[in-house]
Structures are given as C-alpha cells and as structure tokens.
Amino acid sequence: EAGVAQSPRYKIIEKRQSVAFWCNPISGHATLYWYQQILGQGPKLLIQFQNNGVVDDSQLPKDRFSAERLKGVDSTLKIQPAKLEDSAVYLCASSSLGGGRSSYEQYFGPGTRLTVT
Amino acid sequence: AQSVAQPEDQVNVAEGNPLTVKCTYSVSGNPYLFWYVQYPNRGLQFLLKYITGDNLVKGSYGFEAEFNKSQTSFHLKKPSALVSDSALYFCAVRGAGSARQLTFGSGTQLTVLP
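If you read the protein sequences in the order shown, they are chains X and E. With the numbering used here, letter number 37 in the first sequence gets 109, and the count goes up by one each step, no holes. With the numbering used here, letter number 17 in the second sequence gets 170, and the count goes up by one each step, no holes.
Chain E on its own, in the form it takes in the complex (with noise of 0.2 Å):
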C-alpha cells in the first residue's frame, strides 16, 4: 500500500526566511509526487508535480520541490518566505500506471510570522 508521511504537523517561518515543508513516502514503482495548498475554506490547490525527469521541480508562487529517490523524500521548498504563504500543505503520491489512487499526507500548517 502507498503512504505518505509529513512528520511535521506545524512550521513557522519569519517573513523573508527560507522555508522547508518535509514529506517523505512509500509506494511501489516510480512515484508520481503532488503537492497542494489549501487556505481556509476553500478546496485545495495544486502547486507543482514530479513525474520523471529533473530532480529540482519548479512550481506556483515560488515554491520548488526536490525529488530524493534514495531518502525516498519530496520536501516542498521556498527561498523567502511571505505572510500569504500560511496556509495548509498537503503532499501525495500515486504510483505509476493508470487509475492509481492519490494519497494524501496528514498536512503541515505553515505558519510565515512577519
């Protein structure tokens, strides 16, 4: 079965400082990683994807990614940090193939302090 952990359940950040979101993730086969914001009320948002090819994956609003297949990890990343960033993060991975399910982190509250 395929899983995905995001080991931290909160992550504050000061304005203008770099921030990391970590997940890490288990699956069969290659992994196809997700990541998605979502800010009160509102349904989720995609935010950048990695399906094969370069490690570094650049998406929405600044935000980048790196796929890690040895540490089997995919930590969402962003050089500075702004007040409108805070919000809830959700990572998820789906193996290779067709109709294979997306499956959700527990999500991360980032928190950017101005």
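The following block holds chain X by itself, in its conformation from the complex (with noise of 0.2 Å):
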C-alpha cells in the first residue's frame, strides 16, 4: 500500500513571498489532516478534512493560511504571505473512516521542510 505522498520536500522562500504545498492521501482514506511542526516541538494540527469539507481548522491562521481539497481526494496548503514564524516541517496525514479502531490512526508523510528568510 503506498503511502501518504507531499510535494516538495524542500522549500526555501523569501518573507512575504507565496509557497503552496501539495498532499496525497493514502487510497480511500476519508480523513486528511495538516500539521505544522516547529523545530523542538510536536505537531499541531492547522487543519483536519473529512472528504472535501472541513472538520476543524480552529488551529489555522486564516488572515495567511488557507487549504483546500478537491473532490475529497488530495490537497494543497498555501501560505501567503509568509513571514519568518512560517519556518516549520509541513506535516500530512490521513485516516480511514470506517468507525473500527483502525480509523483512530492517522499515517503521516514525509513532510515539507519550509525556511523563511
């Protein structure tokens, strides 16, 4: 089974400058979640999705940050405008929905390491 997929793994940008970041989920999984992780830190959840519509994104900066995921399927995470604070690993993850205990986990990809300059 292939697992959750992210584009790029690497992204340097100037403040104030755009970045989009592009997810895969695993197959048929139903739940897509975004985290950010800053260095020293665990993952904190910007964004979760079930299917194409929005479950929570308590957490997301909207005046900057926005997300989106067509036909419930992959996703993009944008940024714009960055500021230095947006330095972090960009973190995907997916779930499956089918109410065993199997859904509760979440299988994360690689990530996108951004640096802000």
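Quick caveat, the hints were computed from the structure, so don't treat them as lab data. You may find that some hints are simply not true.
With a cut-off of at most 27 Å between alpha-carbon atoms, the simulated DSS-like pairs for lysine-lysine come out as follows [what the hints assert, rightly or not]: (1) 155(X) / 87(X); (2) 202(E) / 230(E); (3) 155(X) / 83(X); (4) 87(X) / 143(X); (5) 116(X) / 175(E); (6) 87(X) / 150(X); (7) 222(E) / 155(X); (8) 87(X) / 134(X); (9) 116(X) / 222(E); (10) 83(X) / 150(X); (11) 202(E) / 175(E); (12) 155(X) / 230(E).
With the hints as a guide, dock the two chains, each given alone in a separate frame, to form the complex.
Have a look at this one:
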C-alpha cells in the first residue's frame, strides 16, 4: 500500500512570498490532516478535512493560510504572505473512516520543510 | 483543553537495557492515547495505541505501553533497547468522540548507546 505523498520535500522562500504544498493521502482514506511542526515541538493540527469538507480549522491562521481538498482526495496548503515564524515542517496525514479501531490511526507523509528567510 | 507532557527532552540508554519514555496526559472523558516515532527527515510512524481494553498495549518493533488511569500516564517501554531505536518519540492524546483533534507532546529524543 502506497503511503501519504507530499511535495515538495524542501522549500526556501523569502518573507512575504507565497508558497503551496501538496498532499496525496492513502487511497480510500476519507480524513486528511495538515500539521505544522516547529523545530523542537510536537506537530500542531492546522486543519482537518473529512472528504472535501472542513471538520476543524480552529488553529489555522486564516489571514495567511488556506487549504483545500478538491474532490475529497488531494489537498493543497497555501501560505500567502509567508512570515519568518512560518519556518517549520508541514506534515500531511490521513486516516480511514471505517469506524473501527484502525480509524483512529493517522498515517503521516514525509513532510515539507519550509524555510522563510 | 487536552494536553500531553513528555517530561524528558532526552533519554539515553545502553543497548540491551530496558528503556522507558514517559508521558502524562490531560483530557476530558476517556482518552485515546498514541505513540509515534520520527526518524530524521521522515514523517511520524505509528507505534501503538490505547483505545479501550487491556491496559498493557503491544505495538511495533517490540515496544509496549501501559495505560494508568489513576496516574494519567501512558509510558512507552521496551525490554531490550537496540541502537536502531534511537529516534524522536511523540506521545499523543485525543478525547473520545468523532472529529476530536490529536494533541502531541513536545517529543523525547531517545539515544541508545552501543
């Protein structure tokens, strides 16, 4: 089974520029998550989708961050304009919606390391 | 609000010795508890979880964890550490019910010395 795919793996931009990250979840997984992991900290949830609807975006800085999941499969996360404090690893994860115990397990992609200079 | 505490930033253990990585949590209602491991430049990998049932949970790579409700703890353990176990370990909690978010601890760097 293919895992969660993310691209790019690394991105360096200047502050005030824009950037986009792409995620392809595990096939059949209805729930998709975007996390921000700042160096030395645990991942923090930014947004959670179930199919193509937003379930939780309470910690997404909506003045600069946006995300979409068209057709309930792939997702993109965008930052515009970027700030220095946005430097972090952006992780995408997915989980199934079967209702069984496995639906609580989230599977993570390799992440995109963003450096804002 | 739910939270997770991993009191040790760094744990060092000699190869072959038992290891413990500590985790305590705070959540409303029954907790769902998880351990993930992160290797350099890679995403998090699921190790094990506690949802209900037996307080001792067994997971991947010989790891296990014990749920202790009275102490609100979920420590990760392994009887005999390997050098290849060296990595960053994260404990996470979510409340019962649908659409509850996962809250992670700050991580513990485990180093197994040969």
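A quick look at each hint next to the structure:
Between residue 155(X) and residue 87(X) the CA atoms are separated by roughly 5 Å; this keeps the pair inside 27 Å, and the hint holds. About 13 Å separates the Cα atoms of residue 202(E) and residue 230(E), which keeps this hinted pair within 27 Å; it holds. Straight-line distance between C-alpha atoms of residue 155(X) and residue 83(X) comes to about 14 Å, which keeps the hinted pair within the 27 Å bound. For the given pair, residue 87(X) sits about 31 Å from residue 143(X) by alpha-carbon distance, which is inconsistent with the 27 Å threshold.
Under the criterion of a C-alpha separation no larger than 27 Å, the hint pairing residue 116(X) with residue 175(E) is consistent with the structure, at around 20 Å. Proposed proximity of residue 87(X) and residue 150(X) is supported: the alpha carbons are some 14 Å apart, at most 27 Å. With a C-alpha separation of about 42 Å, the suggested pairing of residue 222(E) with residue 155(X) is violated against the 27 Å cut-off. Between residue 87(X) and residue 134(X) the alpha-carbon distance is near 17 Å, which keeps this suggested pair within the 27 Å criterion.
Note on residue 116(X) and residue 222(E): the hinted pairing holds, with a Cα-Cα distance of about 25 Å set against a maximum of 27 Å. Note on residue 83(X) and residue 150(X): the hinted pairing holds, with a Cα-Cα distance of about 13 Å set against a maximum of 27 Å. About 15 Å separates the Cα atoms of residue 202(E) and residue 175(E), which keeps this hinted pair within 27 Å; it holds. Between residue 155(X) and residue 230(E) the alpha-carbon distance is near 40 Å, which puts this suggested pair outside the 27 Å criterion.
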